[in-house]
Amino acid sequence: MAEQTTTAAVPELVSAISTRFSEPAWLAAVRAEAWQTFDELPANRIEKSDLTKRSWDIGALPVAPGSLPEDAKTLVDSLEGPRVVVVDGVVVQADVPADLAAQGVVFGDLHALLAQHGDLIKRHLFSVVPASESKWTAANAAFWHGGVFLYVPRNVVIETPFTYVSVLTEVNQGAFPRVLVVGGENSAFSLAQVNVAGDNAPSHPHSSVTEVVADAGANIQVMSVNQLRKGPTNYLTQRAKVGKDAVVNWTFGDVGDGFTVALIESVLAGAGSRSLTKGLGIGFGRQHMDLTASMVHQGRYSESDIRLQGVLRGRANSIYRSSTHIERGAVGAGSEQHDRMLMIDTTARADAIPMLLIDENDVQRCGHAASVGKLDADQIYYLMSRGIPKDAAMRMIIWGYLQPIVEAITVPQIQTWLTGLVERKLTS
Amino acid sequence: MASVPHFQIQDLHVAVEGKEIVRGLNLTINGGEVHAIMGPNGTGKSTLASSLMGHHAYDVTSGSVTLDGQSVLDMSVDERARAGMFLAMQYPAEVAGVSNANFMRQALNARRGEGNELPVIKFHRLLQEKMKQLNIDPVFAERYLNEGFSGGEKKRNEILQMSLLEPRIAILDEIDSGLDIDALKIVAQSVNSLRSPDIGFLIITHYQRLLEYIEPDYVHVMMQGRIVRSGGKELAEQLEAKGYDWLKEELGIVDETVGVEA
Chain X
1350 MAEQTTTAAV PELVSAISTR FSEPAWLAAV RAEAWQTFDE LPANRIEKSD
1400 LTKRSWDIGA LPVAPGSLPE DAKTLVDSLE GPRVVVVDGV VVQADVPADL
1450 AAQGVVFGDL HALLAQHGDL IKRHLFSVVP ASESKWTAAN AAFWHGGVFL
1500 YVPRNVVIET PFTYVSVLTE VNQGAFPRVL VVGGENSAFS LAQVNVAGDN
1550 APSHPHSSVT EVVADAGANI QVMSVNQLRK GPTNYLTQRA KVGKDAVVNW
1600 TFGDVGDGFT VALIESVLAG AGSRSLTKGL GIGFGRQHMD LTASMVHQGR
1650 YSESDIRLQG VLRGRANSIY RSSTHIERGA VGAGSEQHDR MLMIDTTARA
1700 DAIPMLLIDE NDVQRCGHAA SVGKLDADQI YYLMSRGIPK DAAMRMIIWG
1750 YLQPIVEAIT VPQIQTWLTG LVERKLTS
Chain V
105 MASVPHFQIQ DLHVAVEGKE IVRGLNLTIN GGEVHAIMGP NGTGKSTLAS
155 SLMGHHAYDV TSGSVTLDGQ SVLDMSVDER ARAGMFLAMQ YPAEVAGVSN
205 ANFMRQALNA RRGEGNELPV IKFHRLLQEK MKQLNIDPVF AERYLNEGFS
255 GGEKKRNEIL QMSLLEPRIA ILDEIDSGLD IDALKIVAQS VNSLRSPDIG
305 FLIITHYQRL LEYIEPDYVH VMMQGRIVRS GGKELAEQLE AKGYDWLKEE
355 LGIVDETVGV EA
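Residue numbers (our numbering), protein chains in the order written: chain X, 1350 to 1777; chain V, 105 to 366.
Everything labelled a hint here was simulated from the structure, so no lab data went into it.
Keeping only pairs whose Cα atoms sit at most 20 Å apart, straight-line, the calculated DMTMM-like set for lysine to aspartate or glutamate is:
#  : chain 1 : residue 1 : chain 2 : residue 2
1  : V       : Lys258    : V       : Glu270
2  : V       : Lys289    : V       : Glu344
3  : V       : Lys234    : V       : Glu270
4  : V       : Lys258    : V       : Asp286
5  : X       : Lys1723   : X       : Glu1772
6  : V       : Lys258    : X       : Asp1727
7  : V       : Lys289    : V       : Glu319
8  : X       : Lys1422   : X       : Glu1772
9  : V       : Lys289    : V       : Asp241
10 : X       : Lys1739   : V       : Glu218
11 : V       : Lys258    : X       : Asp1725
12 : V       : Lys289    : V       : Glu341
13 : V       : Lys337    : V       : Glu137
14 : X       : Lys1774   : X       : Glu1756
15 : X       : Lys1739   : V       : Glu198
16 : X       : Lys1723   : V       : Glu198
17 : X       : Lys1739   : X       : Glu1772
18 : V       : Lys337    : V       : Asp321
19 : X       : Lys1402   : X       : Glu1389
20 : X       : Lys1739   : V       : Glu221
21 : X       : Lys1739   : V       : Glu183
22 : X       : Lys1471   : X       : Glu1372
23 : V       : Lys258    : V       : Asp241
24 : X       : Lys1739   : V       : Asp178
With the sequences and hints as input, model every part of the structure.
Laid out in structure tokens, this is it:
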């Protein structure tokens, strides 16, 4: 197999992480086992994304974080409210306002919180995204540090979104952000996660894992925005386990020219559970983006919607899969998929692949719509006929198309930042 | 810019997918004038309107079109608009995600030119005032451009844009189709209130009905891709009373169409 193998020094790295963070034995054991899995497992085969030549060269443990790239600095400086900032895998800022802590909310550095909340973390960590699931989830489980834990107790409603920013600078050695979110019964809150890399990040792989546990009646909004640059392969695995009558909504935005393989999945385990995934991708340069939005229906009358929108420029290549699996017993489940790709340049390429797996006979609704197309010439003509120059008209139409997803990022600073990124990519 | 617009079409030929639809059309419109073009279906009226605005599906194969001496045919669609041309379309596009208000502000500021943009508050005041005149519900400002609008709402939205942009030459392509009589009166009122030496109108219609409310100075009949008869408003009345057959007979025309639906 042409796959690159990892270096012999890696097990030392794994134990070095356990030592540095004085991990409890159970966690150190998970890490060591994950490394075994990582070492032995070939990369999953994904149709249309060749992973056999991607590097698995894991960098050394960073000693000190690098300085923030301009872009990331602007964002980090503007953030308010409960937030954690991680640079090159090192937690540099963790702020939880006192009023939240008084309500029993736990938010901060996953390692640091182990001492006080070890049992809670042990119960949930790896419960939604197991280490052994894929080569990259194993890599994350073996090498993660600078992770985040968010816990909102039952019946607690927090209006202000929590934010988590993970930055890779030029000293980055590959990062493995791990996020664990636990929402107690009838809790309601939102978390925004930003992964951002500077221009000169070296070619170590990046694997990010987000696990969300939504207890009965919880309502959790998870937003993630990724701006990862060419070079390293970026793997993202985000999954929620959604309890009875609980809601988990994902908003995913990717603005980058890197090589990304992403999975966003809701396991609708409880009766009446619901999930909506909105995804937005702006591809440019030689970007390769392979996004799978997946809904697994197990609970009766569970409902889901997937809306994916891509805008492709240059030689970008995007694969947008939406997958709905209605398992036997998920009586009355309903699901809709909408994928729409907009091709700006003829050199770009997009695939919209809808998948429906239905094992239950009694299904309420299940549908999909997928389209790949160019900007509508008559729309451009109409705007121009009112004096708006062609470039501006095209931008207005593209923005009109993206706006509903951008607006779903409810942290104003992140929304502004994302808007700026998209605007720059559309005008360049 | 000349104070009174002067718009001239000379020997215009327009083809669609290689088939000639407009076949040698001449027309001059000056500021202060209202011209109506009438004619049965398939005689090239809408092709004329769209080609004057520069729609990509229409090829001007020969002839000239000038506004105040400047060649319109050498201008891009947006340049034509900024020079003062306006086409109220029969089937305006729907654009999701772009609010009516935002679109109109961009359009108005493009027309006014850089450095001369209207402040946001002033714009909204102006928009609300114009919407009131046209009896348009204020919520339409924040609705997406034409999306989910009824036929009549789209037409009124076109007229709203016209009254905001204050063009020098306004072409109305079958603005009366799909309008009930009350909406028709409102639209006509709006056109009439804009009438001045600063603007010339070209109104394309099937029916004389609209011309009862907007009194034309000139009426032209289009057949076989050209103007075959011109007259005053009495020509429209004559057509309403007698139809087109007498005219075809007089002109020796058997088939008035150019082989396409208008």
